[in-house]
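Construct the complete structure from the given sequences, taking the supplied hints into account.
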Amino acid sequence: MSIPNIITLGRILLVPVIVWAIASNQMAIAFAIFIVAGVSDAVDGFLAKRFNMASELGALLDPLADKALLVSIYIALGTWGAVPGWIVILVVSRDIMIVAAVIVSWLVGKPIPMKPLMVSKLNTVMQVAFAALVLGSLGFGFNPTPYDLILMGFVTVFTLVSVSLYLVEWVRHMSTVEIT
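Residue numbers (this note's numbering): 3 to 182.
Since the hints were made in silico from the structure, they are not lab data.
All figures in this text were calculated on a predicted structure; none of them were measured in a lab.
Mixed in with the good hints there might be a few duds.
DMTMM-like cross-link-like pairs, simulated, lysine to aspartate or glutamate; straight-line CA separation at most 25 Å [unchecked claim]:
#1 Lys69 - Asp97
#2 Lys112 - Asp97
#3 Lys123 - Asp150
#4 Lys117 - Glu58
#5 Lys69 - Asp43
DEER-style ranges, computed between Cβ atoms [claimed, not checked]:
#6 Leu169 - Gly143: 36 to 46 Å
#7 Gly111 - Leu151: 42 to 52 Å
#8 Val45 - Gly111: 32 to 42 Å
#9 Gly83 - Leu162: 22 to 32 Å
#10 Thr147 - Leu169: 27 to 37 Å
Don't be surprised by glycine CBs; every beta carbon is placed ideally from N, CA and C.
In structure tokens form, the structure reads like this:
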């Protein structure tokens, strides 16, 4: 167990705490924990790269932690009524489709390499920024307009482009699978 992996596991353990804070209307606490989770993501990535602590486990845990955090926050904020249901469905559906595609490719004996696309990284940045803005506005009582609408537009575009490119890549990869 490396230090980056321990930090990543800590981020995973923060997920239910953030969901509890949102469900309990403790938005300032949820915002603070979200910021801690974001900083921990940067720190574990820096340590893994800078000090050659990258591992296969970390390569699996880090995106899992990111997905667990973002999906949980979007679902909690959607349930709470702080973000529109359609954006929650879009964000969650993208992640479900990507995970399902990876599982299917693995099941048919043709695992797809796990390499994030640049648009996917931008998508994550937009999703994080939008969630942080919503949590911050709820926690500290400011009006996020028009920035919330702008970020929601970016989340929509980047999510749709990202899932489309992953789907194209997956179909290309799977088109060489032989049916027996």
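Results of checking the hints against the structure:
Proposed proximity of Lys69 and Asp97 is supported: the alpha carbons are some 7 Å apart, at most 25 Å. Between Lys112 and Asp97, the direct Cα distance comes to roughly 20 Å. Compliance with the 25 Å bound is thereby established for this hinted pair. For a cut-off of 25 Å, the pair hint linking Lys123 to Asp150 stands: about 20 Å separates their Cα positions. At most 25 Å may separate the alpha-carbon atoms for a hinted pair to count; Lys117 and Glu58 meet this at roughly 13 Å.
About 12 Å separates the Cα atoms of Lys69 and Asp43, which keeps this hinted pair within 25 Å; it holds. Against the hinted window of 36 to 46 Å, the Cβ-Cβ separation of Leu169 and Gly143 comes to about 40 Å, which satisfies the hint. The hinted range of 42 to 52 Å is satisfied by Gly111 and Leu151, whose Cβ atoms lie roughly 45 Å apart. Range check, Val45 to Gly111: Cβ separation about 37 Å, and the 32 to 42 Å hint holds.
In this structure the hint that Gly83 and Leu162 lie 22 to 32 Å apart at CB holds, the actual value being about 24 Å. For Thr147 paired with Leu169, a C-beta distance near 33 Å keeps the hint of 27 to 37 Å intact.
Checked against the numbered hints above, the structure breaks none of them.
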